[in-house]
Amino acid sequence: MVSETIISAAYIEALIIGLLYGTIFCTSECLPYLASYIAGTGAGFRKGTVITLVYSAGRLISYTIIGIIVGIVGSSLIFILDESTLASFRLFATFTFGIITIIIGLNLLIKIKKNQTECNKDCKSVDEWKIGRYDIRAFTLGLTRGLVICPPLFALLAYSIPFANPLDSVALAFLFGLGTIISPMLILGGVTGWLLNKAPLFKKWISIIGSGVLIILGISTIILTLITTN
Amino acid sequence: MSITLLGNILQIAVFAGLILAGILIILIWVKDKTKNISTLRLFVQIAFTVLIFLGLIIGPYGLPQNPYIGDAPRDRLVGADLFGNQFPDGLSVPVLACWYPNGRTITCAVWQLQAYLFPFWESGPGFGWGTFYSLNGLQRIAIVFGFLIAMSLVIGRAFCGWLCPFGLYNDLMIRIRKLFGKKHLSFSDRTNKALGQSRYLIIAAFLILSVILGSQAIFGIQLIDNTAPGEYYYSYFSAPFCQVCPMKPLCVLIEIGAGAMLPLQEINHSTGAFYQAGYYVTSLNLAVLAIVTIGALAYRRFWCRICPLGGLTALFSTFYPFKKVALLRLNKIEEKCTKCGICKRVCPTQVTEVYEEKGGDVTVSGCMLCARCVEMCPYEDCLEVKMAGKPVLKSRNWLEPTENE
Chain A
1 MVSETIISAA
11 YIEALIIGLL
21 YGTIFCTSEC
31 LPYLASYIAG
41 TGAGFRKGTV
51 ITLVYSAGRL
61 ISYTIIGIIV
71 GIVGSSLIFI
81 LDESTLASFR
91 LFATFTFGII
101 TIIIGLNLLI
111 KIKKNQTECN
121 KDCKSVDEWK
131 IGRYDIRAFT
141 LGLTRGLVIC
151 PPLFALLAYS
161 IPFANPLDSV
171 ALAFLFGLGT
181 IISPMLILGG
191 VTGWLLNKAP
201 LFKKWISIIG
211 SGVLIILGIS
221 TIILTLITTN
Chain F
1001 MSITLLGNIL
1011 QIAVFAGLIL
1021 AGILIILIWV
1031 KDKTKNISTL
1041 RLFVQIAFTV
1051 LIFLGLIIGP
1061 YGLPQNPYIG
1071 DAPRDRLVGA
1081 DLFGNQFPDG
1091 LSVPVLACWY
1101 PNGRTITCAV
1111 WQLQAYLFPF
1121 WESGPGFGWG
1131 TFYSLNGLQR
1141 IAIVFGFLIA
1151 MSLVIGRAFC
1161 GWLCPFGLYN
1171 DLMIRIRKLF
1181 GKKHLSFSDR
1191 TNKALGQSRY
1201 LIIAAFLILS
1211 VILGSQAIFG
1221 IQLIDNTAPG
1231 EYYYSYFSAP
1241 FCQVCPMKPL
1251 CVLIEIGAGA
1261 MLPLQEINHS
1271 TGAFYQAGYY
1281 VTSLNLAVLA
1291 IVTIGALAYR
1301 RFWCRICPLG
1311 GLTALFSTFY
1321 PFKKVALLRL
1331 NKIEEKCTKC
1341 GICKRVCPTQ
1351 VTEVYEEKGG
1361 DVTVSGCMLC
1371 ARCVEMCPYE
1381 DCLEVKMAGK
1391 PVLKSRNWLE
1401 PTENE
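Chain order of the listed sequences is A and F.
Numbered as in this note's numbering, the first sequence ends at 230 without a single skipped number.
Numbered as in this note's numbering, the second sequence ends at 1405 without a single skipped number.
Watch out, some of these pointers could steer you wrong.
As the list claims (entries may be wrong) - Here are the simulated distance ranges between beta carbons: (1) A:L106 <-> F:T1338: 51 to 61 angstroms; (2) F:L1018 <-> A:Q116: 52 to 62 angstroms; (3) F:R1345 <-> A:L201: 21 to 31 angstroms; (4) F:G1359 <-> A:I187: 30 to 40 angstroms; (5) A:I227 <-> F:A1298: 40 to 50 angstroms; (6) A:L201 <-> F:Y1320: 17 to 27 angstroms.
What the hints assert, rightly or not - Computed list of lysine to any residue pairs in SDA-like fashion (alpha-carbon distance at most 20 angstroms, straight line): (7) A:K203 <-> F:I1306; (8) A:K204 <-> F:A1194; (9) A:K203 <-> F:F1319; (10) A:K47 <-> F:A1205; (11) F:K1394 <-> F:V1154; (12) F:K1358 <-> F:N1331; (13) F:K1193 <-> A:F202; (14) A:K204 <-> F:N1192; (15) F:K1323 <-> A:N197; (16) F:K1193 <-> A:L201; (17) A:K204 <-> F:R1190; (18) A:K203 <-> F:A1205; (19) F:K1193 <-> F:R1345; (20) F:K1193 <-> A:W205; (21) F:K1033 <-> F:L1393; (22) F:K1358 <-> F:F1319; (23) A:K203 <-> F:A1194; (24) A:K47 <-> F:F1319; (25) A:K111 <-> A:F202.
What the hints assert, rightly or not - Chain A stretches covered by chain F per the calculated footprint, using a threshold of three residues with CB under 8 angstroms from any CB of chain F: (26) 25-32; (27) 187-194; (28) 200-211.
These aren't lab readings, by the way, just hints derived from the structure by calculation.
By construction, the Cβ of each residue, glycine as well, lies at the ideal position given by its N, Cα and C atoms.
If we strip away everything but chain F, and leave its shape as in the complex, we get:
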């Protein structure tokens, strides 16, 4: 067991080393000042996606002592081995590792909030998915909020800009559009603000819905046939947002593509209730994914403007009282700004505050801290991304070559 664990840790260390090497190579080789941060960001996004969907399936499975390979990779993650005994459904690191196919170690915080918020008092066997959470429900809620708040305070919405796999998907869509030589479209400022605010309504709606639907776990009320606790469709209703989430079908597809999931598991369950399009995927998931894909082909970071996970991260990093203690911030020095408006034009989520506000901390809930504005700002040190007050990225004068160039 200890050798297996050591092997797992070694594999993670090798992977981390490769990522660091990649970052260094980009920093040294990419000389174009208007592209180096974007290239670095793309690399980090890809690395993180691999880490989530492929890296974590390295684990104890397949070894003689652990021969069983399940239908989904959630039982054979490295983290399941490290933390599995304590937290069978994983720690809620707010990354888009969908619980349905992935689960365990890192699970989407949106799922965890819905699943743990209400049926945390549930106990005893035969109560469906809620069984796991019953005994340590309050502990789980504390972990979910603890991780979510801690992550939001440390990296804020940089998670959306740099780490989120669905953000990468959105970025790739707009790159495809560029391949055809077409410029992206933009929303009007008012529509963009409305989209940004709608995410909080989505969060409120699914929290209320999960509480109401969660009552099924206690009383066995069947709003729809076969949805009682322990029955097959219960999971569809215990986490309402997940049934429309556009990321879930992609997570399943990636795992099937990587050979980590059995495709038959999905296909065999494709004929069921009207809302069921597979073992994990609902027809609503597919419909929303189609809409989001079309939207992402036209607008930059289309989904990120309404994403509830991004909304949760923003809530705990850009609103009072969290704003006061959040570590990663975007700063502007008013004296150096000439109001050229580049920052406004290049922002993938069309944030206008960086341009409009006078100076100081310009981190707002719509800003993903992707640092595209920092990269494109042609005025030396005008925009800075600061971590705990220390600048980590600064705008450079890319209009005039330096002495070395």
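Chain A extracted, bound-state conformation:
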């Protein structure tokens, strides 16, 4: 029986690992996608921060779902969760994330094109260049990104299995996710939107380039995954 002290220490560890990992890894990994998406939607500071929060919420829910699954079938999973299984799942998750990224990029491009046509008729200024709410896309992006289980999360979940309490796995995954959210990315997302919004004359091009980069990132994610697995 694992003592309560060890479990509570693991909770703190999960949060700290999440914080460190979020600051170091998640920011550099997620920022290109997030910044491109923010650029694609033409968001400002507030909207950029909201998008970052929604994206992070998507990741957090993914981690929690993974925690629930591991918690419920933990004892049986300990026999299944080996390196090859994880690698296969990661491949599948990364592939899904790549496809979702491409779809979102394409969707943004279509919306931009549609908006452009409407703007040519009605919009009087670039200030009217708005392409609606895209929070659901940010959420999907975060949700699929979160499914790509990173090594520290895997280690934490594997560590939680002997606790034999499903809630522990969920709590560890949730705390890890929470830690990753409180990272410089939260500020950088808003700042990116703030800076890009300072160039209204380029708004259309920023949106097009942002969406284009998102598509390229999606394609490169898929290609890189295929290369590394082969």
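Given the coordinates of chain A, assemble chain F onto it according to the supplied hints.
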């Protein structure tokens, strides 16, 4: 040590005294009302450039207790002696003292932002340039932003108009054009606005890039050979904007010209990777400098319209919420304006708002507060440069002589 410090302070005091004397002489001697502010500005620009590149190399080096003279002057600045122990790479006073040859006391804020923004958590030896910043990374970020915001709030973009050495370079280029009797060219209003806005895209791009490339410091990912932390080319990628900055080659040249840097250091490293044109300078630096020089020969303050450092200063002085508390402002009194359009024509960065806006605070992000419009405005007190609400420069009626004249 205390005698050395006293000597350094004395040298700085003498230099400051000389600058003040120069300002007074200009104010007394230059009677032409359409030239006195410009002359004063030119003097301040030159004085500040000397202060940055030559003044700061006076220091403890060369003394018996400090015989070592390095390859670059960054180790022998007065400020390094004053602040060096606490902040080995200097306080980020946002002036164009390039970190690469100068470093330490005053370092370009653009470099500091890129270098400190992401790898601030880095620790331990052998991690390349990031090693210094690790232990007090958050403190450094706070210092960088603190200084940048404070400086922007106090002098705003007057830094670009009055103090920036690269601004002086741009001004000199257009003076060269004038020597040949040619008038400068002007951008269309839309192009000028687009150029002004592009600086924020540049800032966003290099911030994102520095975060992505900064991840090398943690994981040792080599995007390009020999760029892993601690390896020779790492510094090229930890600060992406600096590798295209047109000011860096000039900083190196000035230091070599002043005898403060060893030219061999540059020449010996001129054959390396395709992007490496010297120990500090990349081929991109040289290419951008060439383009900017050609541009500056045709247009007034060509680089200043897209400069990210100017953009950062503008962000913290001309945009909400900073605009509300910024001290140095350009004011216009609508009742005294006759819409003659002189202010629009003489503005080096082609700012149109001073002419177009009705009155009150007309400080915009493109305005460098150089006060050329104030100098040339022929209507008494129509335009004013105010510091904390108090007028420091006012437009004068230069069309009619005063009683004294």
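Each hint, compared with the structure:
no.	hint	in the structure
1	A:L106 <-> F:T1338: 51 to 61 angstroms	holds (55 angstroms)
2	F:L1018 <-> A:Q116: 52 to 62 angstroms	holds (59 angstroms)
3	F:R1345 <-> A:L201: 21 to 31 angstroms	holds (23 angstroms)
4	F:G1359 <-> A:I187: 30 to 40 angstroms	holds (37 angstroms)
5	A:I227 <-> F:A1298: 40 to 50 angstroms	holds (47 angstroms)
6	A:L201 <-> F:Y1320: 17 to 27 angstroms	holds (19 angstroms)
7	A:K203 <-> F:I1306	holds (17 angstroms)
8	A:K204 <-> F:A1194	holds (13 angstroms)
9	A:K203 <-> F:F1319	holds (18 angstroms)
10	A:K47 <-> F:A1205	holds (19 angstroms)
11	F:K1394 <-> F:V1154	holds (19 angstroms)
12	F:K1358 <-> F:N1331	holds (11 angstroms)
13	F:K1193 <-> A:F202	holds (10 angstroms)
14	A:K204 <-> F:N1192	holds (18 angstroms)
15	F:K1323 <-> A:N197	holds (17 angstroms)
16	F:K1193 <-> A:L201	holds (8 angstroms)
17	A:K204 <-> F:R1190	holds (15 angstroms)
18	A:K203 <-> F:A1205	holds (15 angstroms)
19	F:K1193 <-> F:R1345	holds (16 angstroms)
20	F:K1193 <-> A:W205	holds (15 angstroms)
21	F:K1033 <-> F:L1393	holds (12 angstroms)
22	F:K1358 <-> F:F1319	holds (19 angstroms)
23	A:K203 <-> F:A1194	holds (11 angstroms)
24	A:K47 <-> F:F1319	holds (18 angstroms)
25	A:K111 <-> A:F202	holds (17 angstroms)
26	25-32	holds (count 6)
27	187-194	holds (count 3)
28	200-211	holds (count 4)
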